[in-house]
Amino acid sequence: MLIQSNHILKDKDFLIYWISHIISTIGNTIVPLTITFAVLEITGSATSLGVVLGALWISRVIFITFGGVWADRLSRKKVILFSDILQGSNHLIIALLFFSNQIELWHLVVSALFYGSVSAFHAPATSGLIPQIVKGESLQQANSLLSIVNSLFQIAGPAIAGALVLFVGFGNIFLLDALTFFSSFILVLFIRPNFKAESTPKSTYWEDLKEGIDIARQYTWIWSSMVAFSILNFAVASFSVLGPLVVTEKLNGPTEWGLILTSGSIGGLIGGVLSHKLKPKSPLKFSFTLMTIFVSLQIASLINPISHWIIMVFSLLASASMIIGGVFWDTLVQREVPEHLLSRIGSLDSFVSFVFMPVGFVLAGPLSEKLGMNWTLALISSLVFITNIWVIYFRDYIQTRKSKPYSSNKSRFGS
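Residue numbers (this note's numbering): 1 to 415.
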């Protein structure tokens, strides 16, 4: 089940992109906490914080399918370049407003709306760019290295952000983030993707979007994965809401919950490292089986918990399995989906995440009040297990190369 590393970092284009990804991830992990404390310092209102964070999420949901279509219609490299410039300029303006003491809540709301909408174009372009700069046999290693970077900064990011808020101030942090975007822009300029025009220029936005939805419907493994991801995202969000309540009521509160979150972050890092080497015969069946078991147990471990150590173990295993599943999913999409549709499939996948995670955040609390905590946890854990087992074993799951080839009356590449 183990394969030898093919030294993906020797590939100049991927190495450049990987460095740009590291730089961008630094900014992406320090800004959320910075925004949180900035809003609270300006307004002192949790409602205002909800408005800013809601603006970011809503704009992402609204524009994510647009981002997928346009990343497929245009050069993905150009979409990333424009995104970096726009995001860098966005946070440079916020930095200047902090420096001049003119910052107001509405500035942060508008900035969040802009940040969310532009990121909705950047993410699908990125998912489609990787196969254009990495050879097929190296895709899994490339995706795992990117996930390792994400996991590392999920662990270190909040601590770095907290120290920066304390010692350098909000303006300097937004200026630093702007510089990370500009640095990423410069690096991406040197990447040479194997690019062809993705979609037919004469087609409309809605025709291109329908084409992306059609392939998700035609390939059993794509829509089945999205069903599984939607349930898993709902469960993970519910764990984030109900976990602190359970730990506070049944165990010793914030300190132990912090340890549980840390173990989850470490699990993500472990998952990234393992995904670099693992090569199971049926990647998605293997990874979704792991996720089904460990995410179900993670939720169930909150039922009358005996010790926070047990929750920590299952949190670590659940996070590791989610990262492994994500790497295998990204790799299979990049290998199996026609190149001109990659960004649209990526945007549909992101849409599922953006919708079902907020649903979990919103519904978990009311469900626990209505049904009781233990019954709610048991229901969510059972929902994860039963639904995903059905998807994996009873829906002719992961028939990639044996699936009916995607058919379209369009040429694969535009002129």
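There could be a bad hint or two in this list.
Stated by the list, open to error - Simulated pairs of lysine-lysine, DSSO-like, Cα-Cα distance not exceeding 30 Å:
hint	residue 1	residue 2
1	K279	K135
2	K10	K210
3	K210	K77
4	K10	K78
5	K250	K12
6	K277	K210
7	K370	K281
8	K279	K210
9	K135	K277
10	K10	K135
11	K77	K277
12	K78	K250
13	K135	K78
14	K77	K10
15	K12	K210
Stated by the list, open to error - Quick list of the computed label-pair ranges, beta carbon to beta carbon:
hint	residue 1	residue 2	range
16	F37	I386	15 to 23 Å
17	N304	E369	29 to 37 Å
18	L383	I160	35 to 43 Å
19	P338	E249	46 to 54 Å
20	W390	K210	37 to 45 Å
21	P338	K78	19 to 27 Å
22	T204	L251	40 to 48 Å
23	E369	K10	52 to 60 Å
24	T43	S282	47 to 55 Å
Keep in mind the hints are simulated off the structure, nothing from the lab.
Even for Gly, the Cβ is constructed at its ideal location relative to N, Cα and C.
Here's how the hints hold up against the structure:
no., hint, verdict
1, K279 to K135, "holds (17 Å)"
2, K10 to K210, "violated (38 Å)"
3, K210 to K77, "holds (24 Å)"
4, K10 to K78, "holds (24 Å)"
5, K250 to K12, "violated (52 Å)"
6, K277 to K210, "violated (36 Å)"
7, K370 to K281, "violated (43 Å)"
8, K279 to K210, "violated (33 Å)"
9, K135 to K277, "holds (17 Å)"
10, K10 to K135, "holds (12 Å)"
11, K77 to K277, "holds (28 Å)"
12, K78 to K250, "violated (52 Å)"
13, K135 to K78, "holds (21 Å)"
14, K77 to K10, "holds (21 Å)"
15, K12 to K210, "violated (36 Å)"
16, F37 to I386: 15 to 23 Å, "violated (41 Å)"
17, N304 to E369: 29 to 37 Å, "violated (18 Å)"
18, L383 to I160: 35 to 43 Å, "holds (36 Å)"
19, P338 to E249: 46 to 54 Å, "holds (51 Å)"
20, W390 to K210: 37 to 45 Å, "violated (28 Å)"
21, P338 to K78: 19 to 27 Å, "holds (20 Å)"
22, T204 to L251: 40 to 48 Å, "violated (55 Å)"
23, E369 to K10: 52 to 60 Å, "holds (55 Å)"
24, T43 to S282: 47 to 55 Å, "holds (51 Å)"
Of the hints listed earlier, those the structure fails to meet are numbers 2, 5, 6, 7, 8, 12, 15, 16, 17, 20 and 22, in rising order.
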